[in-house]
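Dock chain B against the given chain A, drawing on the hints supplied.
2 protein chains.
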Amino acid sequence: MKPSVKDMYKFKESFIDKEVEVEGWIKTKRSSKKLGFIELNDGTFFKNLQVIYEENINDFDQIEKLPIYTAIKVIGRVVETPNAKQPFEIRAQEISVLAPSDNDYPIQKKKHSLEYLRTLQHLRPRTNTFNAVFRVRSLMAYAIHKFFQEKGFVYVTTPIITASDAEGAGEMFRVTTLDLNNLPMTENGEIDLKEDFFGKETNLTVSGQLEAEAFALAFKNVYTFGPTFRAENSNTARHAAEFWMIEPEIAFADLLDDMKLAEEMFKYIIKYVLENAKEEMAFFDSFISNGLIDRLTNIINSDFGVVTYTEAIDLLKKANVKFQFPVEWGMDLQTEHERYLTEQEFKKPIFVIDYPKEIKAFYMRVNEDNKTVAAMDLLVPGVGEIIGGSQREERLDVLLEKMRANDMNLDEYWWYIELRKYGGVKHAGFGLGFERAVMYITGMSNIRDVIPFPRTVNSCDF
Amino acid sequence: MKPSVKDMYKFKESFIDKEVEVEGWIKTKRSSKKLGFIELNDGTFFKNLQVIYEENINDFDQIEKLPIYTAIKVIGRVVETPNAKQPFEIRAQEISVLAPSDNDYPIQKKKHSLEYLRTLQHLRPRTNTFNAVFRVRSLMAYAIHKFFQEKGFVYVTTPIITASDAEGAGEMFRVTTLDLNNLPMTENGEIDLKEDFFGKETNLTVSGQLEAEAFALAFKNVYTFGPTFRAENSNTARHAAEFWMIEPEIAFADLLDDMKLAEEMFKYIIKYVLENAKEEMAFFDSFISNGLIDRLTNIINSDFGVVTYTEAIDLLKKANVKFQFPVEWGMDLQTEHERYLTEQEFKKPIFVIDYPKEIKAFYMRVNEDNKTVAAMDLLVPGVGEIIGGSQREERLDVLLEKMRANDMNLDEYWWYIELRKYGGVKHAGFGLGFERAVMYITGMSNIRDVIPFPRTVNSCDF
Chain A
1 MKPSVKDMYK FKESFIDKEV EVEGWIKTKR SSKKLGFIEL NDGTFFKNLQ VIYEENINDF
61 DQIEKLPIYT AIKVIGRVVE TPNAKQPFEI RAQEISVLAP SDNDYPIQKK KHSLEYLRTL
121 QHLRPRTNTF NAVFRVRSLM AYAIHKFFQE KGFVYVTTPI ITASDAEGAG EMFRVTTLDL
181 NNLPMTENGE IDLKEDFFGK ETNLTVSGQL EAEAFALAFK NVYTFGPTFR AENSNTARHA
241 AEFWMIEPEI AFADLLDDMK LAEEMFKYII KYVLENAKEE MAFFDSFISN GLIDRLTNII
301 NSDFGVVTYT EAIDLLKKAN VKFQFPVEWG MDLQTEHERY LTEQEFKKPI FVIDYPKEIK
361 AFYMRVNEDN KTVAAMDLLV PGVGEIIGGS QREERLDVLL EKMRANDMNL DEYWWYIELR
421 KYGGVKHAGF GLGFERAVMY ITGMSNIRDV IPFPRTVNSC DF
Chain B
1001 MKPSVKDMYK FKESFIDKEV EVEGWIKTKR SSKKLGFIEL NDGTFFKNLQ VIYEENINDF
1061 DQIEKLPIYT AIKVIGRVVE TPNAKQPFEI RAQEISVLAP SDNDYPIQKK KHSLEYLRTL
1121 QHLRPRTNTF NAVFRVRSLM AYAIHKFFQE KGFVYVTTPI ITASDAEGAG EMFRVTTLDL
1181 NNLPMTENGE IDLKEDFFGK ETNLTVSGQL EAEAFALAFK NVYTFGPTFR AENSNTARHA
1241 AEFWMIEPEI AFADLLDDMK LAEEMFKYII KYVLENAKEE MAFFDSFISN GLIDRLTNII
1301 NSDFGVVTYT EAIDLLKKAN VKFQFPVEWG MDLQTEHERY LTEQEFKKPI FVIDYPKEIK
1361 AFYMRVNEDN KTVAAMDLLV PGVGEIIGGS QREERLDVLL EKMRANDMNL DEYWWYIELR
1421 KYGGVKHAGF GLGFERAVMY ITGMSNIRDV IPFPRTVNSC DF
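Heads up: the protein sequence lines correspond to chains A and B, in order. Under the numbering used here, read the first sequence as residues 1 to 462, first letter to last. Under the numbering used here, read the second sequence as residues 1001 to 1462, first letter to last.
To be clear, the hints were calculated from the coordinates, so they are not data collected in a lab. Built from N, CA and C at the ideal position, the CB exists for glycine as well. Keep in mind that a hint or two might mislead.
[Said to hold, decoys possible] Which chain B residues face chain A? A few, computed with CB under 7 Å, are given here: (1) Tyr1142; (2) Ala1143; (3) Val1156; (4) Phe1215; (5) Ala1319.
Pulled out of the complex, with its shape left as it was, chain A reads as follows (with noise of 0.2 Å):
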C-alpha cells in the first residue's frame, strides 16, 4: 500500500499492522545513538507522520545525518501508539532518498519571523504557518464557488484589463504595450493612443460591478470572484496593490436581500472552514490569535444586528469613550467607530445601513428622504468593515442626475445606463475582499501573509 498521509490520518483504522510505503520530506528529525526519528509529511495533510528507525536499517548513519526537507520513501510497518502524542507510527524497515536537501536549508527548526519568511515567498508555504494559512485560503476559495453555486448563482469572470476607470475607486495601474523609451508620438505632440494595444489608454480593474450588474440583469444572480488592483502608495498591513475580491449581484433584490445574502455567505465560509480544516484552525487557535474559534463559532451563532448609520452617529456620539476622529453626521466612519460599534454596544456583527449619499459611489440607491443611500456596511468584531454592498440605482433619471453630479463622462458607460433602459429592475449588491476575509479567519494579521507572492509598494518578487 502506498498511501499519502492524510490517507494514513483518515483511514488509520484500516493500516494498523499493515506494511506501507510512504513518500515525503523530513520536516523534523532526532536521533540517539540507536534509535532515529523523522517528522514525515508529503503536504496532504497539516499533521505529520512519525518514523522511527533503528540500529539495524540500512544506512543508520547517512540517514541520522539527512539534512531537513530531504525528500525520502520509507518502507515499514505501522503501530499503534496508545500512549503517545500521535495515534500511530511507522516502524521503517527501509528508507531511501528521492530528492536530497541542503544543510544550508534556510528554514531550520528555531522559530523564524514572519518578516523572515516573507523573503522565502517559495519555501515559506512548507512551514506550520503557512501550510496552514494556504490550505485555509484555499477552502475558503471553494467554500464561496460552493456556495453560490448550489444556489444556482452564475460565475461571472468579469475583464482584467477595462478601459474604464469604474467608480473612481482609487489609483489605477496603467496596461501598455508602447515602447516606453520610444513612445509613439501625433502630430499635436501628444502620446499616440492608436499605437496601443487596444487604441486607447487601459488599465487594471478595481472592481467587476458594472459587469456583474450586466449579467445580473440576464442570469437573476451572479458572482465574480477574481483578482483586482490599487495602485495606493499605502504601506499598511491590509493593503495589497493585487488582491482577489467576490462580488454577487443579485436581481429583482433590495438592501434587504443583499445583507440576508452577506451574511448566510459569510457563516457559511467560516462553518466550510470549521469542518474541513480542523488541524489548521486548532494551530492558529493556539499559536496566532487565542481564542478564534470560539470567536468564529460566535458569529456562526449570531443573528446579525441593523442600524442605521443615523443612529449608528447617535450611538457614537452618546459612548463614554474618546476618539481620534470626532463625531458628527456626514462623516465617513472610521475603524475606531466601527470596532466600537461591532465590538462595545453589539457585541456581535452588525449592518450599518443608509449612509449619507455624499461619502458613497454614484451607483448606490437613493432613499426617499434624498440625503442617504441604501447602502450596507457588514462590521465584525476584531476588524470593522469587511463587506460594503447597496442597492444600486435603477431610476434611469436618478442615476444620469448623480453621473453628471459626479462629473463622469456617460458617453464611456453608455452601456451601463442602457441597463435601466431596458428591463433595469431593482438590483443589489456587495464586496468582500478575499484577503481581509482570510486574515479574519486565520488570525494572521497581514495581508502579505495570507497572499502566496503578495505584490506591495517596491516589492513584486518571485
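Frame of chain A; chain B shown alone:
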C-alpha cells in the same frame, strides 16, 4: 408561493393547480384579439415559462404592447398542458410592470448574427445562445474546482503582476504607474524604474506554473485557476489577449501520473456539464454544432491513446494526405497534423509524448535519449491540442545547463532554481486554456463568444 423559473421546472408537480407569483422578463410574446402569450424568464433557467392572459385581465391592451424585456410580475394559476410543447403554463390573473423596456430594444425576436451581438456585450447574455454559453462556462469553472478540491488539491492564486517573463512564452503587457507624458529619467538618460510602483519593470503574467511548482513542493498537489495574458497581435478566432488558465502541478509524480490526471479531469468536466446543463447542451447540439453530445459522450467513454512524437511523425509520413506543412522529425506539429492523428488515425483523444527538446520549454525534463523531453500534448478530435504539459526538470545541473543555453538570467530565477536544491522531487503539471475548453464543450467557434467581455487587439470596450 413566489418560485423562481428554475423552481417551477424542478418542482413542477408541487405547483400544479396552485396560485403562484412569478417575476421575470418578457422574452417573446404574441397575442390575438382575446388571448395573449408571454414567454417569461427570470434568468434562473434556460427554458421560459409560458404565461397566458385573456381579455378579462387588467389592462389587456397595455400588456399586449409591452416591449420585449419589460420586467413584469405575474400572479396566476399553474395548469398542466400535457399535449403542448411545454409541460405547464400559467393562466394569469394579474400582470404588473416592475421595470419598463423600450421599443428600441436592440435584440428583437429575429435571429441576430454573433458579430452583431458582440457589439452588445451587456445585453447578449439575455439571448438563448449566450445564456447557454455563460451558464455552461460557470458550471465548467465549478466542475474544475470541485474535481481538484475533492482530490485534496490546494488552490493557489499565482500573481497577475510579475517581474519575470516566465518562459518567454509570448509578448507581454507592461504594467506601470509612471506618467507616460512625463517619464522620470536617470542621469544616464534612461527611464528611472525606481520611480515605478514596484521599483522595477513589471508585466502581466503569461503563466503561473513556476509559482505553482513552489507550492507543489510544499503541498504535493496544487492547481491554479486565474487570468493570464498575451499581447500577441493575433486576430484569430482562437486568440484573446486575456484568458483564464488552469495549471495543476503534482509532486512525487511523473509524466504518466500527469497524463492520468489530465484525462480524468477532462472527462470529469464534460460529464459534469452533460449532467448539469442538459437543456443548454441540447440547445448547442441542435443549433450550434450537430452531434455535439455524441462526440462528448464518446470522449468520456474512450480510453485516451498514447503515441510518442517520433511514432507520430512516422504515421504522418505514411499518411495518404497532402499536408500544407511538410512533415519531418524536429518540427512542431501543426493543427492539421494534430487533427489528422486524433481524427483519422486514432479516432479518439490521444497524448503525444516525448517531443524534441529544441521545440519545448526549458523546464521540461530531458529524457534518457538526450534528444527528447518528457512533454505531453493532449489532442482531441475537432480541435487538435487542448492541453499541454510535462514532467519538470528536477535535476539542478541539467536545469542550469538548459537555462544557460536559453540565455536566461539566472539571478532572476534564483528561487525557482533553489527549489531543486531542497527536496526537489520529481514533479509534473499541465495547462488547460479555459476558453478553449469552453469552445470545445459548447461547440462555439470564436473565443470572443465564450468570454463575457473579451479583450482582443484594438478591442477593449465595456
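> Which earlier hints turn out false for this structure, listed by number in ascending order?
Replying inline: 2 and 5
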